[in-house]
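Residue numbers (our numbering), protein chains in the order written: chain A, 1363 to 1678; chain B, 130 to 356.
Any given hint could turn out to be false.
Only pairs whose alpha carbons sit at most 20 Å apart, straight line, appear in this in silico PhoX-like list of lysine-lysine [as the list claims (entries may be wrong)]:
#1 K175/B with K314/B
#2 K252/B with K1631/A
#3 K1593/A with K1614/A
#4 K252/B with K1543/A
#5 K252/B with K310/B
#6 K1543/A with K314/B
I should point out that these hints are in silico values taken from the structure, not numbers from a laboratory.
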Amino acid sequence: MRRMTVIWIVVSVVLDLLFYFLAGPHMPPGRMTTSAQSDQFDFNILMVVALPVLVGVWEFMLYALITWRSKRAGVAEPVGGPAAAGNRKAEVSWVIITSVAVVLLAVFGIVELIADQGSGGGEGPNPIWQPAGATTADAAALAGAGTWAPNSNDILVVQVIGQQWKWTYRYPTFGGFESQKLILPNNTNIEFNVTSLDVIHSFWAYQLEVKADANPLVNDVAFTKTVQLGKFVVRCSELCGIWHGSMYNYGKVVSQSDFLNWATATESKNAANTANLPAFAWTYVPDANGAAGGFYPDGNVTPYSSVETYGSKQPS
Amino acid sequence: MTKGGRLATVLGLFLVAVGLIVWAVASFIAPGVPGGVMSFTNTQAKGQPVHLTVQTVGSIGFGPHPTWVSYLVKDPKTGQWVHDTSWQLPSNTVIDMTVYQYDSGSPLRNQEFGQVQGVIGGKATLNGTPYSAYDSYTGSGVGHTFTVPSLSLSVPLVGVAGNNICGVAPCNSKYSRNIIKFSFKTPGPGSYNWQCIVPCALGYLFGNGGPMSTQNYMGGELEVVNA
């Protein structure tokens, strides 16, 4: 027993150190944002806790296979024999150790979730955890008065719009232009406001470690802070029809000056089309009436129909 | 049967079962395209632009869904119109695309797709007049789009007025139409789906069922290959 314990401790420590320092820095999803770094750290801690459990189980299994193999002369059959007797000490130790580990990990997970303002997950329209200044940024964005400048600590508000089968992005701070590209500045707190114009989707920016459901008439807010330049992929992670698997695009985190140049140039280039977009809002109401179909919104020409079938008439 | 024989039988049947499962899964994942793939890889000398001509119609007029909206493509070899939305194109090649748009239009659900994006020169031409964006609230609106999401390519296809609309494809110059032209460059080899982003499937939830979700109608594939 003592020998088994020593072996278990030594192997566990070695594996934990090897994993944490060699594999840990390369664990998904990377280190492009604070959410990604935080979640990478969380995965590493989970593995460090899980590895000794794994080693213990495998060690015992190997011991059992070797010690109690049936062809070994002189060894009693384990089933029904003395080796099958219960061991209250082992049972209690196992339950206590694993329970303590689970509770500790649960507390750890909750702390990590709160510390990183929701850890990149969608928090719904009224987020509990948000960086300082988020409420002010929201009000400014809605009023069309939002600002963002390099080295200012301003939160950049970005709206993510899901529609079958393409993501588009709206920047209220820059005149509310809409783009099919998601470009973000580095070292900046980003507030994603995710919604849908039709069915349910889910916005998943993998390397940013941001995931928020895109539901029609719902604003799902997620926060993160970019800390590394690079390219990331955006996918839809809620089955939304035939081209769900093709509903992806690539985005980029660029320097703050490059982002400002891109945003102001795009704002200018798209100005004519932006004038035809609806006023910036957290959600949009597609008009599902008539053969003319839905557009967001319809300027309140007709009220939103509860009959969401394209081409059907409004009930009288 | 000997032990060896039994083992061989079990192993053999196991391999057959695995093969059948793999074949079934592969068939499900890549079922092939009804009507085959229209190839444009040998239509021009290497390095020269490839001409791709399509038409969009309000109702196809034949087949299992005669009332469905649809795209058709002109066969580069025979000049015939074919009901096929999967096209094989050479990689890293300029594609000169002509769309004969025979359908009426409407305001876009998202006016963002009123912009011409991802084309060479940043503009398309509408009956010879260049445009970089089209206000779908004006005129006859936008009938359809040609959108390749993974290439950030999207061109609004302006609608025609609601009289003299073609009801049975293939349509011709007797009917009201708009001619939209643009060029884009294919990337490296791969499969890139394209779709119309205007949800116009009458009677379907949010207009994206039916022809919008069926190959050979309002969506297809660009099979880009080395040629």
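Structure-based check of each hint:
Between K175/B and K314/B the CA atoms are separated by roughly 14 Å; this keeps the pair inside 20 Å, and the hint holds. A threshold of 20 Å between alpha carbons decides the hint, and for K252/B with K1631/A the separation of about 13 Å falls inside it, so the pair holds. Using a Cα cut-off of 20 Å, the hinted pair K1593/A and K1614/A holds, with the two alpha carbons roughly 4 Å apart. Taking the CA atoms of K252/B and K1543/A, the gap is about 18 Å. The hint holds against a cut of 20 Å.
Only pairs whose Cα atoms come within 20 Å are accepted, and K252/B paired with K310/B is accepted, the gap being roughly 9 Å. At most 20 Å may separate the alpha-carbon atoms for a hinted pair to count; K1543/A and K314/B meet this at roughly 19 Å.
In the structure shown, no violation is registered for any of the earlier numbered hints.
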